[in-house]
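Student: One-letter residues, chain by chain:
Protein chains: 2
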Amino acid sequence: MTTEPALEELLAALRCLPGVGTKSARRMALHLLERDRPGARRLSRALAVAADTIGHCSRCRTLTAATICARCADASRDAGVICVVETPGDVLAIEGATDFRGLFHVLLGRLSPLDGIGPAELGLDRLEQRLHDEPVRELILATNASVEGEVTAHYLAEMAARHGVRATRIAQGVPAGGELEYLDAGTLSHALSGRREY
Amino acid sequence: MTTEPALEELLAALRCLPGVGTKSARRMALHLLERDRPGARRLSRALAVAADTIGHCSRCRTLTAATICARCADASRDAGVICVVETPGDVLAIEGATDFRGLFHVLLGRLSPLDGIGPAELGLDRLEQRLHDEPVRELILATNASVEGEVTAHYLAEMAARHGVRATRIAQGVPAGGELEYLDAGTLSHALSGRREY
Ligand SMILES: [Zn+2]
Ligand SMILES: [Zn+2]
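Protein sequence lines correspond, in order, to chains A and B.
The first sequence begins at 6 in the numbering used here and counts up one residue at a time.
The second sequence begins at 6 in the numbering used here and counts up one residue at a time.
Careful, some of the hints might be misleading.
Since the list gives no way to pick out one identical chain from another, each pair is judged satisfied if it fits inside one copy or across any two copies.
[Stated by the list, open to error] List of simulated lysine to aspartate or glutamate pairs, DMTMM-like, C-alpha gap at most 20 Å:
(1) K28 to E13
(2) K28 to E91
(3) K28 to D95
(4) K28 to E39
(5) K28 to E14
(6) K28 to D120
(7) K28 to D79
(8) K28 to E155
(9) K28 to E133
(10) K28 to E143
(11) K28 to D130
(12) K28 to D104
(13) K28 to E126
(14) K28 to E139
(15) K28 to E100
(16) K28 to D189
(17) K28 to D83
(18) K28 to D57
Hint data in this document are derived by calculation from the structure and do not stem from the laboratory.
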């Protein structure tokens with residue numbers, strides 16, 4: 006389309022980002038080149054630094070540049086409650102939306118027997134070790150409300166029971182602002198069966 | 006929200022992109038870190054190279070890493086037709102959507118007297134020089150269909166007339182797939198007055 010290799014390569018690299026197509030890539034490239042070159046250099050550096058330094062916490066497996074992440078190292082957090090999630094993004098989402106002050110455990114996936122992902126592939130022995138070593142009272146099962154997420158939660162609940170640890174599951178129901186009419190049957194059914202006193 | 010400076014900085018830098026908010030930045034960062042580190046390094050390099058090398062063509066002012074862009078240097082293009090647009094993005098859009106084989110002139114803005122942007126600020130003397138020096142037969146006025154875009158087109162049409170060059174304006178009307186019911190009055194009025202034999 007153009008014969009400018011540097012611009013062409015920038016457009017192609019931007020299109021690799023999730024949710025970015027031809028038009029957004031063009032908009033982003035032109036914004037950076039016409040109006041925000043310091044922003045382009047800043048993003049370039051941030052990407053290089055993150056790609057080179059960020060790994061997974063050796064305790065909870067979330068993203069961190071250190072061996073142990075800042076949450077795990079923070080003695081003011083309640084080590085008695087571990088919230089188990091599928092991805093580091095779930096950690097950010099929960100921290101951004103709630104005032105949860107316990108610890109996390111990131112599975113980096115979910116049980117999916119059909120895809121050959123069993124307890125070993127998910128490294129669930131690490132979580133079992135934590136239940137053994139740490140003063141855990143409650144394991145919050147915050148896997149997704151998908152079939153695999155439910156299978157994973159079920160497996161984890163049995164693991165918690167073996168260690169005498171209470172397991173809880175995040176609530177399912179009508180999302181904030183959700184209109185009943187447009188909800189799928191599973192959500193509506195969960196919302197009804199999980200009803201509380203008003 | 007997190008206390009991981011490298012991740013925090015990557016999220017902040019991504020949020021500077023147009024159309025990217027907290028959630029998209031998170032999705033992009035996690036995609037790159039969990040599933041596509043080569044993509045992160047590629048984008049980092051592409052941004053640095055583009056920011057350092059890309060400037061404006063000395064003839065048509067579109068983005069290029071050379072003194073004269075590949076379009077201006079391409080002798081197979083019709084130098085008798087110059088399409089005047091507001092931004093380099095318009096050049097990419099027109100090249101992507103049409104088989105236009107003439108040359109371009111990028112204003113890098115539009116006339117906007119209220120904002121103090123007059124002919125001098127837009128560097129219109131450069132375009133006038135092209136009308137004088139080059140074998141131009143037609144000036145296609147492809148500025149936006151906004152008030153300033155129309156003012157700019159009007160000014161350019163008068164400039165063309167002074168040089169005995171034919172000026173044409175891109176058509177306004179119903180966009181492809183557009184439903185009359187939802188169009189604004191200006192568009193509908195243009196579509197009706199610009200009607201042709203069927
Ligand atoms: Zn950790
Ligand atoms: Zn050029």
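Student: Does each hint fit the structure? Answer for all of them.
Tutor: The hints, checked one at a time:
Taking the closest pair of Cα atoms, K28 and E13 come within 20 Å of each other only inside a single copy of the chain (13 Å); across copies the shortest separation is 27 Å, beyond that limit. In this assembly of identical chains, the alpha carbons of K28 and E91 lie at most 20 Å apart only when taken from different copies (17 Å versus 32 Å within one copy). Proximity of K28 to D95 under the C-alpha cut-off of 20 Å is restricted to the inter-copy arrangement: shortest distance 11 Å between copies versus 29 Å within a copy. With identical chains, the CA atoms of K28 and E39 are at most 20 Å apart within one copy only, with a shortest distance of 16 Å there and 25 Å across copies.
Taking the closest pair of Cα atoms, K28 and E14 come within 20 Å of each other only inside a single copy of the chain (15 Å); across copies the shortest separation is 26 Å, beyond that limit. Proximity of K28 and D120 under a CA criterion of 20 Å is satisfied in neither setting, with 35 Å inside one chain copy and 28 Å between copies. Taking the closest pair of Cα atoms, K28 and D79 never come within 20 Å of each other, the shortest separation being 43 Å inside a single copy and 26 Å across copies. In this homomeric assembly, K28 and E155 never come within 20 Å of each other (Cα to Cα): the closest approach is 38 Å inside a single copy and 24 Å across copies.
Neither within a single protomer nor between protomers do K28 and E133 lie at most 20 Å apart by alpha-carbon distance, with minima of 47 Å and 32 Å respectively. For a Cα distance limit of 20 Å, the shortest separation of K28 from E143 qualifies neither inside one copy, at 47 Å, nor across copies, at 29 Å. For the identical chains of this complex, K28 and D130 are neighbours neither inside a copy (45 Å) nor across copies (31 Å), given an alpha-carbon limit of 20 Å. In this homomeric assembly, K28 and D104 come within 20 Å of each other (Cα to Cα) only across copies, at 18 Å, whereas the closest approach inside a single copy is 38 Å.
For a Cα distance limit of 20 Å, the shortest separation of K28 from E126 qualifies neither inside one copy, at 39 Å, nor across copies, at 28 Å. In this assembly of identical chains, K28 and E139 lie within 20 Å of each other by CA distance neither inside one copy nor across copies; the values are 50 Å within and 33 Å between. When the C-alpha separation of K28 and E100 is checked against a cutoff of 20 Å, the pair qualifies only between copies, where the shortest distance is 13 Å, while the shortest distance within a copy is 32 Å. Proximity of K28 and D189 under a CA criterion of 20 Å is satisfied in neither setting, with 32 Å inside one chain copy and 24 Å between copies.
For a Cα distance limit of 20 Å, the shortest separation of K28 from D83 qualifies neither inside one copy, at 46 Å, nor across copies, at 27 Å. Taking the shortest alpha-carbon separations for K28 and D57, neither the intra-copy value of 29 Å nor the inter-copy value of 23 Å comes in at or below 20 Å.
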